[in-house]
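Fit chain B to the given chain A structure using the hints.
Residue numbers (our numbering), protein chains in the order written: chain A, -13 to 456; chain B, 674 to 1112.
Quick caveat, the hints were computed from the structure, so don't treat them as lab data.
Every value quoted in this text rests on a predicted model; they were computed, and no experiment measured them.
Take these hints with a grain of salt, some might be off.
[As the list claims (entries may be wrong)] Simulated pairs of lysine-lysine, DSBU-like, Cα-Cα distance not exceeding 30 Å:
#1 B:Lys812 - A:Lys233
#2 A:Lys140 - A:Lys161
#3 A:Lys363 - B:Lys1044
#4 B:Lys774 - A:Lys236
#5 B:Lys1100 - A:Lys244
#6 B:Lys844 - B:Lys973
#7 B:Lys1044 - A:Lys233
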Amino acid sequence: MKINSPLDAYKYLPGTNCGRCGEDTCMAFASHLIDRSKSAEDCLPMVEEDKYAKKLEELEKLLAPEIREVTIGTGEKSVTIGGDDVLFRHKLTFFNKTAYAYDVTDTMDDKELEERINTIQTFKKFYVGEFLTLDMVAVRCVSGKPETFADTVKKVIGLTELPLVLCSFDTAVLKAALEVAADKKPLMYAANQENWKEVAGLAKEYEVPVTLFTPNDLDLLKSMAKTFAEMGIEELVLDPGTFPTGKEMKTTFENFLKIRRAGIGGDGEVAYPIMAVPLTAWMAYDDDVSASYWETVVASVLTVKYGDIMIMHSIEPYALLPEMHLRDTIYTDPRKPVTVDPGVWEVGSPTADSPIIVTTNFALTYYTVESDISSNKIDCYIVVADTEGIGVEAAVAGGQLTADKIKKTLENAKFDLKEKTSYNTVILPGLSARLQGDVEDKVGSKVLIGPADSGRLPGWLEKNWPPQDK
Amino acid sequence: MSDKLKLSDLNSILKDLDVESLEGVTIEGDIELDIQGGGGMNPAMAYALGHEAAQISLHVANIARMLGYPVDQLFAQCLGAGGETAALQAEPAIEELMQAKFDVARSSEWNTPIQEVTLGATSADGGSRGHTITLGGEKAMPFYFDAEMPNRNYVTMDVFDMPISMAKSVKSNYEDVMGDPAEWAKKVVNEYNADMVTIHLISTDPLINDTPAKEAAKVVEDVLQAVNVPIVIGGSGNPQKDPEVLEKAAEVAEGERALLASASLNLDYERVAKAATDYGHAVLSWTQLEINAQKELNRKLMKQCNVPRDSIVMDPTTAALGYGLDYAYSNMERIRLSALMGDDELNFPMSSGTTNAWGARESWMKESPLKEDSDWGPREYRGPIWEIVTGLSLALAGNDMFMMMHPTSVQVLKEITQTLYGNIEAKTPDITNWITAEV
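Pulled out of the complex, with its shape left as it was, chain A reads as follows (with noise of 0.2 Å):
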């Protein structure tokens, strides 16, 4: 983005503060336009009218981001990737997660490809209220004949809405395959230094987003997006080589410094999304945990530090897990807030004879214990004593959470335990243990001490709950 401050981007809007946006005044709207949580489409009038065609073309302009956004795929499960303005997280945001990609290959059998397909299709693993999934299926030539590997092409479009990424330098392979495949917008893996005429050509004749790779080459591969963008050419992605092991892993990461510094910098000719290929891992270790491990760890090195897009090979859980929680980690808007409102709150139908927990208001510890009690049908009270955002342990080590947070925490929402449950019992979590006696003291009920992992409630309420002396 060209521009930082709302004062700069108000000078293009009406201001007429005619609140279409959703906003209040033009100024308001201004301020989302820099913190990118609108865009300048949203500014209805600018849109409609014709006499404000030019201001929003050049308000635009200056808005978009430094890195170029490079769509792959169509419909619902197409990836966005690129389109970052900061080099550091906190200081904005970062922008489309980076997406991850898993093998197939043209020389597996029909079983084989079902079952890896099925597996990058439908992992999912809850978190924080949704599920992270995976993203797209890298196709990669080995056989080196072009019918086969279109002939695999076809197979994986029939069994994946996922994007694709077509893996190979030979352009009669990657021809064949865009055959085939080109309506699915998918992308094209790679021109290098022999053969990107050819796949020049073909990025324009099927008008499919393309990868330059120059292993540990930054000069070629400038002067190669150079190229491309003078053609037309500028739906492209950096593969600058992912050297996985030694003194070239330590250049690879450098590379990736480099490149997204000169982006964001303001050199436009290296702004595009950069791709790692972390399944290099795999030729640099014969055994498939210590491959898994070490994909995983440079996979994670180059997500937290500037990849867009990479590919892979484990799809063991243990890889997978760390991998997508790391992305998640790294994506997550800092901006955004990090808690729940405190008060009681109800799952399900919780009546006087329902457990009553208690528990942080740090978003994650709440949508934890909730998914946890609310996947298993419990119906209850959860008490969201007001930590500042702070999960259990720390919290108590902290002092956030204290009998007087709790009962306060009840006073507020009205809650007399008393008069609306049978037991005047709360359950503290297990990591809360030393807070019993001063709660029982100040809030005036009984007190049991749950699991230390609300994972465990279920199986624990079966046990103490309803609890044994009324």
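Coordinates of chain B only, in the frame set by chain A:
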């Protein structure tokens, strides 16, 4: 450029060539030619078109020749080397890569190196450690090309003064030494390649065993006898008891330059700081995910307690992967960036309680408690990688020292951080043709 080449066009071309007329001549077959698109033409397409055009030219030339016209001579004169008619020339495809030189500046904002802190003392300095370890000294973000990183990352492995509950895949490594902290320390150093050892005196917690501080200090002596690496001394986390426990431990470890863990705002940090300065140790300044609290505590340690700058390490708190690592990561990254840009209240090496990763249910639970989740796979593999990824991401945020538990995690974290540090010699595979690799 015209999109279609029709016979009439050929006619006019021929006119340019001074052929008067083609009347009375019929050409069999349809030679209407579509040229798609106006932009850069792909080379294969251009070739095909060229071929077609040449065929047509030949065809027409043959007609002219039949009419007795000196075609060949004329072609040589009028068309030059190209051999194609002007109307048929595609937008020129780029034949050579445009020259470009990649260049990016080194950061000019990072002008203040991180304070170096040395832990451990050898006999030359009045201690009994085999070597010392120096943390910090960075002049850039970790592993960046802007400036060489003077010291690598170090791992200190956890040892407890009593058996504790821990994840199954961690516990299986320590069952034989769980009752003996000295043996435990030996094991992590000799078998698991720990750079340092942290002895946690958790039995001193009044809610656990309430072990007297003096007795706990003996365990510290045992550990110092058992291994010769620098050590970290940790309390139980009880804010009332810890100052006393750390005082006694600091006393018995006098001269060894240990790291006392920790001073925090919720306890009498002055006592902990004094124990460090009195007996020549460094102090761990621990705050909870809050950059301003970290500044405040560091300031108090320096100004109010007179702890020298070379004796402060920070622990800004590690939240596990999936459990707030985003805050821990950005908190550390912000601290390190501020420090490099000259904030002298944040300009210290950092330590991470990476062991916290074992609190994440993904690291230890046998399977997901949620039916909707995909299978989580074997926890024996899930746990160590959870600890690795937690630590690794913080290494990239600027963390210098890692407190860890699982031997596999330690090994892999050391391998990757030292790879990025540039310390690992390995023959990397040739990735030029990775697409066809058998994996």
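Does B:Lys1044 pair with A:Lys233 here, judged by a C-alpha cut-off of 30 Å? violated (44 Å)
Take a quick look at whether B:Lys774 and A:Lys236 sit within 30 Å of each other, Cα to Cα. The hint holds at about 21 Å.
Just to be careful, I want the Cα atoms of B:Lys1100 and A:Lys244 compared with a cutoff of 30 Å; is the pair within it? holds (24 Å)
Is the Cα-Cα distance between A:Lys140 and A:Lys161 30 Å or less? Satisfied, since the Cα-Cα distance of roughly 13 Å is no more than 30 Å.
Keeping to a limit of 30 Å between CA atoms, is the pair of B:Lys844 and B:Lys973 held or broken? Measuring from Cα to Cα gives roughly 39 Å; hence the hint is violated.
Please verify whether A:Lys363 and B:Lys1044 have alpha carbons no more than 30 Å apart. holds (12 Å)
Can you confirm whether the C-alpha distance between B:Lys812 and A:Lys233 stays at or below 30 Å? holds (20 Å)
In summary, the structure is inconsistent with hints 6 and 7 from the numbered list given earlier, while agreeing with the others.
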